[in-house]
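Visitor: Here is what each chain is made of, one letter per residue.
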Amino acid sequence: MRRTIELLLPALIPSWRFFKSVEASPRIEYRILQDSSHTEWKTSFERPVSLKAWQFALRLLWNSDWNDHLFMVSCAERLTEHPTQHSIDELNTRISRRIDGANLSGSLQFRLLFLSRYEHRLVKEIEYESQPVPLSDIAT
Amino acid sequence: MTFDTAIRWTEFLLAFAILQQSLEHLTAHRSERNLVAMRIPVAVALLGGFASGYAVWILMGLSVLLLRRFDGPYNGGADKMALLILTCLSLAHLAPTRFWAEMALSYLAIQVVLSYFVSGWVKLRNPDWRNGTALRDVFGFSAYPVTGNLRALSNAHGLTFAASWAVIVLEVAFPLTLSSPAVLLAALTTTAFFHLANAIVFGLNRFFWIWLAAYPSLIWFQMRVVPPVL
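Going down the list, the protein sequences come from chains A and B. Taking this note's numbering, the leading residue of the first sequence gets 1, the next gets one more, and so forth. Taking this note's numbering, the leading residue of the second sequence gets 141, the next gets one more, and so forth.
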């Protein structure tokens, strides 16, 4: 009950501080570990280079993949601010759903890379690296 | 706009927004899809104006369950606004007298004004927003631009500077638009296009639909509170 109230209050008395400042932005990368080998780190979400006008229009009504990506970004931010098993599980689950079916063996590990601007250049920092979890144990 | 009309329009637009969110979420895994799918028939009932009071309360309950399921909002500010609208409508239906029902809708209207004003004020106080750097950063490295090509806008210094100030002025000056119905209507048209632009460029489609759902409360509030100019 207490957790529900904690979650509900910011909606009922919102702060509305949208984009107060532009903080470091997370990128979620993953790799698959098998025995003593592992794949290269790969990005969990590849944004398209461009979209056609009708695709922009369609996304006003149907934007499920992008909204799932935004939720993963939220989980990544939550994980660095207030780490919880919920955020770890959500990221493991959602990354594993995005992995090509042919690779569904071994263990999944992800890391959170944060991009920010320092003076005039972009800086990347690894702020979190998860414990590998067998893909067969991840509830998809 | 009468109070009853404002309530009905808010319910209709909210039902549409929830229906849109729920339908696009049906592609999710069944563990979350089942909970989301339960909202669909209720939103359809609300869209048609059938048992609106019950529909609003059921949607409120399901939204709280979703809040627990995702340990917070699934879609940030859009989910928070949906919860706020649902809460105010629920209270308006539950209110013992018209006075308290109007108080519930007034709270929603005031929060809409604050959603713009506070958002603009915090930007105005930030030098990075005032010189356009913050918006360049949004395009440059934030998670929001929907295509790789949009990142090039981080190099358009003049455009990002002008756009930053346009957003700041629009948001900070928003409370002044309550001065007359015509000005408010013009402002709401502008902010609707602002949300549309955010939906197109940053993929925030749910924000667009849910903020529109809050506008009838503001139109009613302006007519109810601000005396007409003779």
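In short, the hints are calculated from the structure, not lab data. Don't take each hint at face value.
Estimated spans, in silico, between C-beta atoms of each pair [what the hints assert, rightly or not]:
| # | chain 1 | residue 1 | chain 2 | residue 2 | range |
| --- | --- | --- | --- | --- | --- |
| 1 | A | Trp54 | B | Trp240 | 43 to 49 angstroms |
| 2 | B | Asn174 | A | Thr84 | 18 to 24 angstroms |
| 3 | B | Met363 | A | Lys42 | 35 to 41 angstroms |
| 4 | B | Arg173 | A | Glu23 | 30 to 36 angstroms |
Cβ coordinates follow ideal geometry from the N, Cα and C atoms, glycine included.
Visitor: Hint by hint, say whether it matches the structure.
Guide: Okay, the hints, checked on the actual structure:
1. A/Trp54 <-> B/Trp240: 43 to 49 angstroms: holds (47 angstroms)
2. B/Asn174 <-> A/Thr84: 18 to 24 angstroms: Given about 23 angstroms between the Cβ atoms, the range holds.
3. B/Met363 <-> A/Lys42: 35 to 41 angstroms: violated (55 angstroms)
4. B/Arg173 <-> A/Glu23: 30 to 36 angstroms: For A/Glu23 against B/Arg173, whose Cβ atoms are near 32 angstroms apart, the range 30 to 36 angstroms holds.
Checked against the numbered hints listed earlier, the structure breaks hint 3 alone; every other hint is satisfied.
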